[in-house]
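Please build the complete structure, drawing on both the sequences and the hints.
What the sequence shown shows, in our numbering, is residues 14 to 152, in sequence order.
Warning: the hint list may mix true and false statements.
Label pairs and their computed distance ranges (CB to CB) [what the hints assert, rightly or not]:
#	residue 1	residue 2	range
1	Asp45	Asp20	39 to 45 Å
2	Lys67	Lys147	25 to 31 Å
3	Glu112	Asp20	15 to 21 Å
Hints were generated in silico from the structure; no laboratory data involved.
All residues carry an ideal CB built from backbone N, CA and C; glycine is no exception.
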Amino acid sequence: MTFSIPDNPFGDRVRTRLTDEIVAWLTTVDADGTPRPSPIWFWWDGESILIYSKDGTSRTKNLAHRPEASFTFDSNGTGGDIVILEGTAVVSEDRPSTEIPEYQEKYREWIPRIGMDPGTFAIGYPVPIRFYPKRLRGF
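Below, the structure written as structure tokens:
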């Protein structure tokens with residue numbers, strides 16, 4: 014089954030958020046079955062979501078044994094504009110973040126705010142993760 018975002022007002026909001034939002038949440042599941050949400054930076058390529066992680070995090074360890082994950086956005090502050098993507102996430106073979114121009118452009122202003130430049134960010138967050146959505150829920 015191929016994932017697609019609906020062609021309606023909700024789908025339009027989802028596409029906008031996938032393009033414009035800076036922070037989202039990736040929830041993985043640990044060995045005990047406990048959900049482990051983490052705030053993440055991401056880039057949507059129209060089919061999957063690219064995330065970069067520090068090496069040795071619980072996020073990457075969790076994905077090694079259980080790829081099921083969810084990707085969510087915060088609400089609009091009043092309980093609306095909920096977006097939940099369910100799918101799988103895997104450590105991928107993507108290039109470093111410095112070699113993904115779209116990722117660099119999206120976070121050009123944000124990387125310096127955490128005391129890094131693109132090169133130090135790529136060193137500090139060397140593990141690429143791909144999230145493949147299978148189901149969309151929200152309103």
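For this session: If any of the earlier hints don't hold here, list their numbers in rising order.
Result: 3
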